[in-house]
Amino acid sequence: MTSRRTSYEGVAVAVPVTVPYVRYSTHNAHWFIGQALHALVEASGLAKEQIDGLTVSSFSLAPDTAVGVTQHLGLSPRWLDHIPTGGASGVMSLRRAARAVQAGDADVVACVAADTNHVDSFRQTLGSFSNFARDASYPYGSGGPNSIFAFITANYMRTYGATREDFGRIAVAQRDNALKNPNALFKKPLTLDEYIAARPISDPIHLFDCVMPCAGAEAFLVMREERARELGLAHVLVRGAIERHNAYADDPVMLRGGWRVDRDELYAQAGAAPADIDFVQTYDDYPVIVMLQFEDLGFCDKGGGPAFVRANTLTHDGSFPNNTSGGQLSCGQAGAAGGFLGMTEAIRQLTGQAGEHAVPGAKLGLVTGFGMVTYDRCLCTGAVILGASS
Amino acid sequence: MTMPLMKPKRKNPVLRTRQMNLPPWARGRVALGMTAAAAEGRFELQVCKDCSAVQYPPREACHRCLSARLQWRAQSGEGTLLGTTTLHHSNDPFFRERLPWRLGLVQLAAGPSLIVHLHGEVGDAPAPVKVGARLDRAGQAVLIGFPPEGSEHMADDKMLREMTSDPKFRKVLVTDGKTAVGQAIVQALVKAGAEIVWVGHAEPWKKLPGFDDISKLPQVTLVPLDLTNGRSVSELAGEIGGKVDIVINNAEVHRTFGIGARRGTDVAKAEMDINYFGALRLAQEFGPALKGRSADGVTHAAAWVNLLSIYALSNYPPHGTFSASKAAAYSLAQCLRAEMRPAGIRVINLFPGPIDDEWNQNLPPPKVAPSAIASAIVKALRDGVEDVYPGDVAQEWLERWRDNPKVLERELAAGGN
Chain H
2 MTSRRTSYEG VAVAVPVTVP YVRYSTHNAH WFIGQALHAL VEASGLAKEQ
52 IDGLTVSSFS LAPDTAVGVT QHLGLSPRWL DHIPTGGASG VMSLRRAARA
102 VQAGDADVVA CVAADTNHVD SFRQTLGSFS NFARDASYPY GSGGPNSIFA
152 FITANYMRTY GATREDFGRI AVAQRDNALK NPNALFKKPL TLDEYIAARP
202 ISDPIHLFDC VMPCAGAEAF LVMREERARE LGLAHVLVRG AIERHNAYAD
252 DPVMLRGGWR VDRDELYAQA GAAPADIDFV QTYDDYPVIV MLQFEDLGFC
302 DKGGGPAFVR ANTLTHDGSF PNNTSGGQLS CGQAGAAGGF LGMTEAIRQL
352 TGQAGEHAVP GAKLGLVTGF GMVTYDRCLC TGAVILGASS
Chain P
8 MTMPLMKPKR KNPVLRTRQM NLPPWARGRV ALGMTAAAAE GRFELQVCKD
58 CSAVQYPPRE ACHRCLSARL QWRAQSGEGT LLGTTTLHHS NDPFFRERLP
108 WRLGLVQLAA GPSLIVHLHG EVGDAPAPVK VGARLDRAGQ AVLIGFPPEG
158 SEHMADDKML REMTSDPKFR KVLVTDGKTA VGQAIVQALV KAGAEIVWVG
208 HAEPWKKLPG FDDISKLPQV TLVPLDLTNG RSVSELAGEI GGKVDIVINN
258 AEVHRTFGIG ARRGTDVAKA EMDINYFGAL RLAQEFGPAL KGRSADGVTH
308 AAAWVNLLSI YALSNYPPHG TFSASKAAAY SLAQCLRAEM RPAGIRVINL
358 FPGPIDDEWN QNLPPPKVAP SAIASAIVKA LRDGVEDVYP GDVAQEWLER
408 WRDNPKVLER ELAAGGN
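Protein chains in written order, with our numbering: chain H, 2 to 391; chain P, 8 to 424.
Just so you know, these hints were derived from the structure itself, not from any lab. Fair warning: this is a prediction, and the values are worked out from it, not measured in the lab. It is possible that some hints are incorrect.
Not the full set, but computed from the structure, chain P residues with beta-carbon under 7 Å of chain H [stated by the list, open to error]:
no.	residue
1	H96
2	L110
3	P225
Note that the Cβ used here is the ideal one computed from N, Cα and C, for glycine as well.
The following block holds chain P by itself, in its conformation from the complex (with noise of 0.2 Å):
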């Protein structure tokens, strides 16, 4: 049993706020597949093409047969632990400050031996286990040795709390509260125990269905926030940026069409002034207040959300000047994640399909639901990961572009079929 995370009590204010020593983060280019998979919330391992083998560490040839022929394919983890340990002395900064540190050694049923770091609720050798990878404060893919049932507060397990994003008692900036997908992240999160919600509002004038009901939550401050104003973006960074520990930012504009269907620039200037220069000035102001909170005891500053598109990886031209501004984004959320891994703060990039909105009337089902999104953005804090594709469309077009982006490109230019 976990015993359930309680509500950390305030911060000394007299105190140095700790800052953060990443954990080791240096891998070979082989080890990275790990990390790889561990991004999008699998477990891989390489396995040969020629004769079957499952290997760990990774290798640049099989262990067994010296073929070449390496693919990481998912594993269903169950193992069994032979021995435990508990680190009572560590040579890295990291471990030293969060000793005692539990690791295992693990068998997996498929064959090789693991080195994990073992969940609380695994109890000593013989005892059997399910391995699952993580991304660790580094951002790397670390293994985790997993109890195979784990109890309701299995998530508040001190060494799996380093690892994840979890919103129970963190304070959290949704950017945009006006939106059916903005008002489902925040009933999300509130479900999911963040302490404090601030939620954006661009034009407060303005009465939108459903914004009373999020008002009304104890949990939730509106406060006024406009991306594409810099100043606004700085004065409320000035009065909260001290305290978020997570940001979501799901302001977004999305017109329909593509060149030839509508003259000037105006609106393609509108998508990209809250989808791309509004992501940055956001990052320009909270980001550094992020790091510099980012071991700053249990509910530390631990991530930052972008809502993007799947649009973002191959231009969907029926939303042409949207799915320019959202690639913009995401090159930029890739330039954020690299500034950001220093100080451990995980950039987490959702790649929805077509959102159920007014902006995808026109578009066939399936279409994902904001509930889905919402959902699938705390899963994504609470499991750790970096790169979700929620809904049934960005699936598919992940596997396409995967397989083949020119193919997809032929085939989105010819209506997505």
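The following block holds chain H by itself, in its conformation from the complex (with noise of 0.2 Å):
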């Protein structure tokens, strides 16, 4: 029996930030770190001095780390986390940084993660990514995780009778997000037809179903829900939120995620159920972990994924609103930053800040995390459900 979990009563989150992506940068990361934290005091109002906890997610920061980042930037915070789990770094972060604005450890806590994208960065990440893709999956004609999330999906498709048509549908909705987001990198509609005749990468991964690497960051801040409101910031509420790492190891092919495993304390903990989400940011490195996660998160049945998106619209106006950005698939993958962009985009979407591709009346809102292919698998998974401020 597991220890019964503290709430993340009374955290809020605000001030959602993101530095323009760019397809190739020349500036290092330290410099889209650099331009988060500099939003962040703009838009909050803050001091720098105030800022006093601070996490860092990024892939091309090395050889520093998040202490590093403080000298860089003349920051003496008096907690420190460096999060380096890519697409799961969001909801880390955000759980990390709850704990400490609610024992006290910190004050106001910013989440950052950035990366630059040189012109040979993604091939030299591949490659020495972690010990296990160096030794057993790069050498295996260093397609990257394309080759990986390939087996993934055939074997999906194989299990469950999905085509390239669904995933084919959730692509094509996030792209009709990304038009109405002035910040995605794609600016071209993109219709079903074109994305079936995209060209093969690793089969049965066309070109749509691959994110586009690029630079930039995303940010946020974390404090009590009292500070924010003296502060006079919009924010958001964090109802409950769950991680889990290296689930199911004995499967032999990813069918399923961590997140089935904790689902029914994350719905617990936020006292609500699955169809009282108004919109849901699904990590998406590729459409088949979208869908896995419709059905790890309990919005159907395990094998429904490709009936629930026949039977749904996913634009940020239809009946199931997914990755209301444009997601990664559609914005580009900004690195560690693409584990922020669904945060960012839900902090704006409950606070009033999504523009053009606001989901009407949203209170209630999704936000997952999935990272970390260290050899046949994604290892992060994660999940947060925050809601508006009455």
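Fit chain to chain and form the complex, with the hints in mind.
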């Protein structure tokens, strides 16, 4: 019997900032982190010195870690965490920062994810991504995550009868959302026919199943609810949060994710059911993973993903709004910032800052994280339910 | 079914010879355990001594019980293909030049899931598959999903041919055709489909038995080659160096006795002059040309074979100076391997036990037949291994040497038992 966890009550998340994405940059990760912190200070009205907690997530910061960032940017926090877990770093940063402000270890925590992208960065990252990648996946065609998610996608299609059209519905709806998001790098509409006709990358993965690596940053502030009120900052409240690592390790190929292990607790914390959720920001490195999350987070049964996407419209104004910013598939994947994209978007949605891609009347949103393909699957899963402040 | 490889067209001399880009070569120290086994043709995975869990990728501890007592153990490789993909894009130049490239995800019956290069005869998932380990062009172990039963021409699979040095359609130099071993090698290469076999002979005026048989073969061309003579080696390299795909250095001088039974150093010098310096002369002259053609089409330059001896591992006093010359040659072969690896040329070392020839006349059986040496070489080229220990004596001494080299030294001093 695991012990009951303390609730996340009273934790506020505010000031979503995005450092505009670019395909390639000659700047280093430090530049993007600096610009993200600058934007946080500008938008919050706080002095830099008032930020007394910091989390940093980045792949391109090496040899520095979070502590190097403090001297680089002249910060002196009393609480610090380095969370290099890519796609799961948004949820994981929020969870750690929430506990820090609840415990009084920090007053205001800046959670920052930033990565640069030089012309050859992506290739160099792949081969040295993990011990297992170096030893057991990169020497096999060097396709990076494309080939691994090709296995996962092929196996899912065979097991549950999903078609490329089903995955295409996800990608096309996200592109529709992205067209209303000025920060999305993809500006051209995408039709299902174009999705199907795209060139193969690693069968059955085709071009529009893949995210485009880019440079950029995402960040937000975490503090106690009363502090957010004092500062007059529009904020959302943490209603529940979970994470799980290396779940279902004995499954020979990934067909379900760790969300499934903890989801009941997530909804219980929030006092909500899947049907109460107004939008989801799923981690979308590949459409198949979005579909897995619909299942594993209880929006449909296992194997019901294909029918679910056929029965719903996934745009911000549709019956099941998903990745309302366009997601990584249409915004670009700015390294670890891809793990923050859903978080900043959810805060915007619930604080009335989502502009043209707003979900009408949204009160409750779910944000997921999914990160770190060290060998044949992603290891980190996490999810947060955020609620609008009354 | 694999379509049989067709004899490649003549190379267009106007085009630039493609240079080698190795596949990703980096591995952690633990993962090199798989390479060590694959170098001898075995597929081994880590098995926990405490809980018997089989694991992959290689780790520093058992993922089930956390024990550090991990052993490399041979695997049958039987498994089920769970998914396949064909890469149309790669981030690595080696694969980019060889697209499309097919991969599979296999669950071994023994437990772990493996990413493998997939042989063309393996169909779509789900399908039974047999996993084996091979050295890739970087000389590192990779896993390959084979069909449970391969067809006649399965060795001609495009992916597999990148991992091996099959003599089919290749041009080979055998440095000494006058010995029974040399002649057996020539016969075996011709049978294996070699396009040209150049056969060296140092003393053309000597009529030796069997020589006429091999010179009658249409694939065979006799060439003058004296490994003791730098100019002779250099001249031959100038003539055929740019065409040789496989070098097989089988030339050796073998005399009996150790230190005390023979006066002077002349015999020992003659052994060193062929067995060590001869190999060095050959490597200096033929090595660079081989390296320059290691990505030159389907019959690219591929391998270098050294005929060493099991005595290279530990001195056999009754053949003491010969053992010393082979130990020197072994050390040089390791250097050659390190220098050829960046070009993707496989260096294969043969460590036979006593060969059944005149210089081992007084040794009791079992002795290795020349034809067995020849088939071991062809098999090593086809399987892409690095180290081969043909014969029962070699196998037994290897086992003793691995168990405890000091004990073996004492045993060999006592006559080998």
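Evaluation of the provided hints:
| no. | hint | result |
| --- | --- | --- |
| 1 | H96 | 5 Å, holds |
| 2 | L110 | 5 Å, holds |
| 3 | P225 | 41 Å, violated |
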